[in-house]
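> Given next are the chains, with one letter for each unit.
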Amino acid sequence: MAARTLFEKIWDAHLVRPETDQTPAILYVDLHLIHEVTSPQAFAMLRERGLEVRRPDKTIATVDHSVPTVPPGPDGRIPIDDPDAAAQIAMLETNCRGFGVRLYGMDSDRRGIVHVVGPELGLTQPGMTIVCGDSHTSTHGAFGALAFGIGTTEVGHVLTTQCLLQSKPKTLAIRAEGRLHKGVVAKDLILAIIAKIGVGGGTGHVVEYAGAAFRSMSMEERMTICNMSIEAGARAGMVAPDDTTAQYLAGRPYAPEGAALEKEARRWRALATDDGARFDREVTIDAAALEPMITWGTNPGMAIGVRGAIPEDGPQPTTDKALSYMGLRPGQRLLGHPINVVFIGSCTNARISDLRQAAGLMKGRKVAEGVRVMVVPGSQAVKQQAESEGLDRVFRDAGADWRQPGCSMCIAMNGDQLRPGEYGVSTSNRNFEGRQGPGGRTFLASPLTAAAAAVTGKITDVREMLR
Amino acid sequence: MRGRAHLFRQPRITTDAILPSRHAGIEGERQLAGHVMEGVDPAFAARVQKGDILVAGDEFGAGAAREQAVWALRGARVGAVIARSFGRGFYRDALNNGFLVVECAAALDRVEDGDLLEIDLREGLVKNLTKGEAFKFAPFTPFAMEILEAGGLLPYVLRQTTGASSA
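Sequence lines, in order, name chains Y and W.
Taking the working numbering, the leading residue of the first sequence gets 1353, the next gets one more, and so forth.
Taking the working numbering, the leading residue of the second sequence gets 59, the next gets one more, and so forth.
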């Protein structure tokens, strides 16, 4: 057989019917993740037509997008004041009960952001096809899975058929050689990649992240990278499974154990792109040349090194419009720019390693006067782990707000949001106009850079604090 | 189909702008419609008329997977969106709902607010009846056309599967 890429091996293995000139391929889905915001109408479609969930055992639900991050009340339950959020969460509970789908709900100690929970439970495994009604499903590609977001009608389609119609994407290899310097982390690398190829640079392609910089990363770092593939317009992002992948999965509730894990691990390693396999496109980036990154505009590709200046020759009218929204000007340097809010959270950067990095920097320091800092763990499990390590105390002692898990200010559905005109440094993935609250101005950055901004009250080169 | 044009010149109007996340939990298309395009023009929801056609730039509907954006437009009785290009998720969601989206590079620069437009699917033309001009649009794949004609993905699939079982 001809040499194949990681993507092609997974694609071929899941074809129920190949693509033709007239029709897209039918692809089998191994894992379908569900949350409360993009599923109610899908279940309603099934109910209207008297259809069943075809594989409830391959469908897993949790609540994340609209859940409050406030502490539980005296009854031990988190109060849900917003009637729309309460209705959606109740509807998911009803749907999961009615259709026999496992739900990690409000009272579960395993609930959390769907893209944090899947890997944490060992549900996400190499070689799988994984879909979810959320664009950041690309996160799961870190395991060498083909994972991408779908719309609500498609959620209904997968619920009923366990299949999806898809045209075959092209392949793009992004190679990063060299090691990241101290203070420069996975988030900085992916922001630099998006700045290089643009927010449409991955359109129509599945990205494989290859090279020493990705191979030396932990699974959590790889998840941060793959998470933002969609911000470059890519359909999905992937990293080849290796020993790091198998070691991460060992001991997780849904992962194979012992001899079965060893056997699976051999199969997973064989998924790696063959020598001589061709990609439709290749891009190379030098990881060792990077600085901590920060965005200055209203899409994630508008990013610069933290010591750099906003470009003076950006494409128009997009650049002017973005700068006017952000209250910034061409040529301006962001270093020292005052900020109002810091958000450490989201499916991009709310795993335990992210919180350890932020806490490491904030330990023994205080949040700058007038700055609001929210730290929102990605899941109950992350929260418990952080608390067992005393990270919650570090954040609280510094003056930050330690919250319950959820998507929170990344999507600002639950009331956690920027106020009009406020500047926020956010470890999330989108700096679109109004994304984090109407009129709110977002600087995307790493957990380290966000923590540095929290204690200085301004955009800071975190490397100066790590010396 | 015919309708009056509403121009949205800026590129990359995201689903976050078409239907901001804080409203995504609202049930019912008519209710969602009260917030349609709120992130770009908060007055639009009150102004839009049945059958109106949006004319937009590149990557309309980029960003979050949010089918509510399509439902809000349909709930507002918007007849179609013509854009230079679409975000992939939004485009799929639109077709999956049988909502007409047309990729046409020329329209944005040659249409003014309030022009009467006609979308001719058979000829593959966007006609500006006010100005007496016509522009070709990228033809639908036969598959996309079938989905549109069926009224969306689920009706299409159900038609296929019932067809298969009776064959």
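Since the hints were made in silico from the structure, they are not lab data.
On a predicted model such as this, the values are computed, not experimentally measured, just so you know.
Idealized CB from N, CA, C, for every residue including glycine.
One or more hints might be untrue.
What the hints assert, rightly or not - If you want the footprint, here are the derived chain W segments under chain Y, 3+ residues with CB under 8 Å:
id : stretch
1  : 68 to 74
2  : 77 to 91
3  : 101 to 107
4  : 110 to 124
5  : 160 to 167
6  : 177 to 190
To be verified - Chain Y side only, calculated, beta carbon under 8 Å to chain W, not exhaustive:
id : residue
7  : M1397
8  : G1508
9  : I1763
10 : G1786
> Hint by hint, where does the structure go against what was stated? Just the numbers, ascending.
Hint check: 3, 5, 6 fail, others pass.
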